[in-house]
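A.B. asks: These protein sequence lines are chains A and B, in that order. Our numbering numbers the first residue of the first sequence as 5 and each following residue consecutively. Our numbering numbers the first residue of the second sequence as 5 and each following residue consecutively.
For the record, the hints were derived by calculation from the structure and aren't laboratory data. These numbers were taken from a predicted model, which means no experiment stands behind them. Heads up, a few of these hints could be off.
[What the hints assert, rightly or not] Here are some chain B residues pointing at chain A (derived, C-beta under 7 Å):
id	residue
1	Gly45
2	Glu46
3	Leu93
[To be verified] Computed from the model, here is a short list of chain A residues facing chain B with C-beta under 8 Å:
id	residue
4	Pro43
5	Leu48
6	Met82
7	Val90
Quick reminder that beta carbons are idealized off the backbone N, C-alpha and C, glycines included.
There are 2 protein chains.
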Amino acid sequence: MLGIDPGLTRCGVGVVDVARDRSATLVHVGAVRSGSELPIGERLAVIAAGLRSVLAAHRPDVVAVERVFAQQNRATVMGTAQASGVALLLAAEHGLPAATHTPSEVKAAITGYGSADKLQVQTMVARVLRLDALPQPADAADALAIALCHAWRRGSATPGASGALTPAQRAWADAERAAARR
Amino acid sequence: MLGIDPGLTRCGVGVVDVARDRSATLVHVGAVRSGSELPIGERLAVIAAGLRSVLAAHRPDVVAVERVFAQQNRATVMGTAQASGVALLLAAEHGLPAATHTPSEVKAAITGYGSADKLQVQTMVARVLRLDALPQPADAADALAIALCHAWRRGSATPGASGALTPAQRAWADAERAAARR
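This is chain A alone, in the form it adopts within the complex (with noise of 0.2 Å):
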């Protein structure tokens, strides 16, 4: 599962590895980087390339890209619209689903909550991925928050996996057990 958190400048990419238990392994976490000074149509040619590359090197089976509002920063938001069209276009030409999530279900996949800050999205991809530490730089988590939000809500379609709770609030009440303990 490739989570992609698209953006001009960093666009973060995640892969996971879902077992069918919807456990989660951390397979690769990183962000392509465009820089400013370079022409709109070569910044999204490196972000292409760096997508490609990762495509190649994990091959993914399934596609999730962070869905982009029109509210969101008016500054920013149509080169994050066209990085996201990129990301969206290199899923399709690999033969590969891609799916998009807004950052409200990201944020209630991971931590059970709608408006969670990134801390608590960060700290529930450390604890979901058994990581020593929040993973950096944070669209990076995001980019593996999306992977985990589409893994997890796909398989909750499933017969059977309704009325139990979502991983995350597992792993959110574990962990909140472990603190209680200590």
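Following the hints, position chain B against chain A.
C.D. replies: Frame of chain A; chain B shown alone:
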């Protein structure tokens, strides 16, 4: 000169040949369409394939793309931005310089008036290219207008061109004289 009026449902493309004296000839006009029933990634792949075939068939040396603003029609602006990202990416991957122009820059270059309506733009495009009818569909006419706009703006930056009427102003004045003679 390839002009692109980006869009997901219909992406207008227009190719014009602009001579040193700024006279322009129609080479190709059309629209690449993608069905709204397809997932977004596949729609962008359809647009990309159509643009690639225009690039291969006509080998332009410059690409001009209409600039998209977040303030425009909310429902479709993200798709338009994603399509423009794909257009700019393809230009860069073909080694071509790509420029963007705002709708009012295009209207001003073509009609001499930044708030011109669609019919005025289409009329001037048809006249400048010596067409017997208005170019159809409308977004294909817009793509031709973008191409002409970029050719003329680029041309008018050369020394010695200042002071004279712009080609649009000259063509418009000619058209008015011709209409007065009838």
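A.B. asks: Now, for every hint given, state plainly whether the structure supports it.
C.D. replies: Going down the list of hints, with the structure as the test:
1. Gly45: 4 Å, holds
2. Glu46: With Cβ-Cβ at 5 Å, under 7 Å, it holds.
3. Leu93: Check passed: Cβ of Leu93 of chain B comes within 4 Å of chain A, closer than 7 Å.
4. Pro43: 7 Å, holds
5. Leu48: Hint holds; Leu48 of chain A Cβ to chain B Cβ min 4 Å, cut 8 Å.
6. Met82: Since the shortest Cβ distance to chain B is 5 Å, the answer is holds.
7. Val90: With a minimum Cβ separation of about 5 Å from chain B (threshold 8 Å), the hint on Val90 of chain A holds.
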